[in-house]
Amino acid sequence: MPEEWDFKRIQSILPQRYPFLFIDKVLHADAIKKKATCLKNVTINDYFFEGHFPENPVMPGALILEAMAQAGIVLYAVIKPEIAAKHPDYYLGKVEVKFLNPVRAGDQLIIEAQGVKIFDNAGIINAKAKVGEKIAAEAQIVFGVKARHG
Amino acid sequence: MKNDLETIKKEIRGLVSELAEIPVKDLRDTARFAEDLGIDSMKALEIVAAVEKKYRVIVPEEEIPTIRSLQQMFVLIEKLLNK
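These protein sequences, in sequence, are chains A and B.
Going by the numbering used here, the residue at position 28 of the first sequence is 341; the numbering climbs one at a time, nothing skipped.
Going by the numbering used here, the residue at position 63 of the second sequence is 1280; the numbering climbs one at a time, nothing skipped.
Excised from the complex, chain A in its bound form:
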């Protein structure tokens, strides 16, 4: 049964930390359906709004993409829990992304990651970042997974 993850569980899987952790909560993560749905509350206090942009605070597309990649790690972790438990390094390989609508302070960003193909050492996901029913961005992400050395 898919269950919500709190920040502690998220931080037990994702290696990213402030100011580069863009998942506040995992709403569902289902290994059978190969789907993870994550949430990021976008607030005016987010540090990136200080510079992007002072007069027009919109979340940088690159960070929306990073949030989608992090949702991909969550998905990988439920499909390959034994490997994820060993805290491997995750690498972005190739990304095709479309940015469709701006994400602004006050928005609740819902990030869906759907597995296309997940192997031990690499994966492909389709991801969508939505605010309400509006799609902010969609991407296909290819990533690699390598055991950490040293």
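Keep in mind the hints are simulated off the structure, nothing from the lab.
Do not rely on the hints blindly, as some may be mistaken.
Derived DSBU-like pairs: lysine-lysine, alpha-carbon spacing no greater than 35 angstroms straight-line [as the list claims (entries may be wrong)]:
hint	chain 1	residue 1	chain 2	residue 2
1	B	K1226	B	K1242
2	B	K1242	A	K348
3	B	K1296	A	K430
4	A	K347	B	K1242
5	A	K338	B	K1270
It should be emphasised that the depicted structure is a prediction, and the values quoted were computed from it without experimental measurement.
For chain A, the structure is supplied; the task is to place chain B on it using the hints.
Then chain B, alone, in the frame of chain A:
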């Protein structure tokens, strides 16, 4: 059937060439993906996903380590298509 197989081989060579960014003329059927062509695990996965989509087959994960060249990929796809 022979023609079909030759067509499939040509198509797969084209897919690998495009995804691995290697000209078709440099893709020997016996060249090893990792050692000779520098295809890493992520590119290999892309190739597998593209082949699955094109031929509507599922390549089992346990078969992946056995696909180390185009030649071995042709054999596997032929086997999967004949299932």
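Hint-by-hint comparison with the structure:
A threshold of 35 angstroms between alpha carbons decides the hint, and for B:K1226 with B:K1242 the separation of about 14 angstroms falls inside it, so the pair holds. A threshold of 35 angstroms between alpha carbons decides the hint, and for B:K1242 with A:K348 the separation of about 40 angstroms lies outside it, so the pair is violated. With a C-alpha separation of about 21 angstroms, the suggested pair B:K1296 and A:K430 falls inside the 35 angstroms cut-off, and the hint holds. Simply put, A:K347 and B:K1242 have alpha-carbon atoms about 38 angstroms apart, too far for the 35 angstroms limit, and the pair is violated.
The hinted pair formed by A:K338 and B:K1270 meets the criterion: a straight-line CA distance of about 33 angstroms does not exceed 35 angstroms.
Hint check: violations occur at hints 2 and 4; the rest are consistent with the structure.
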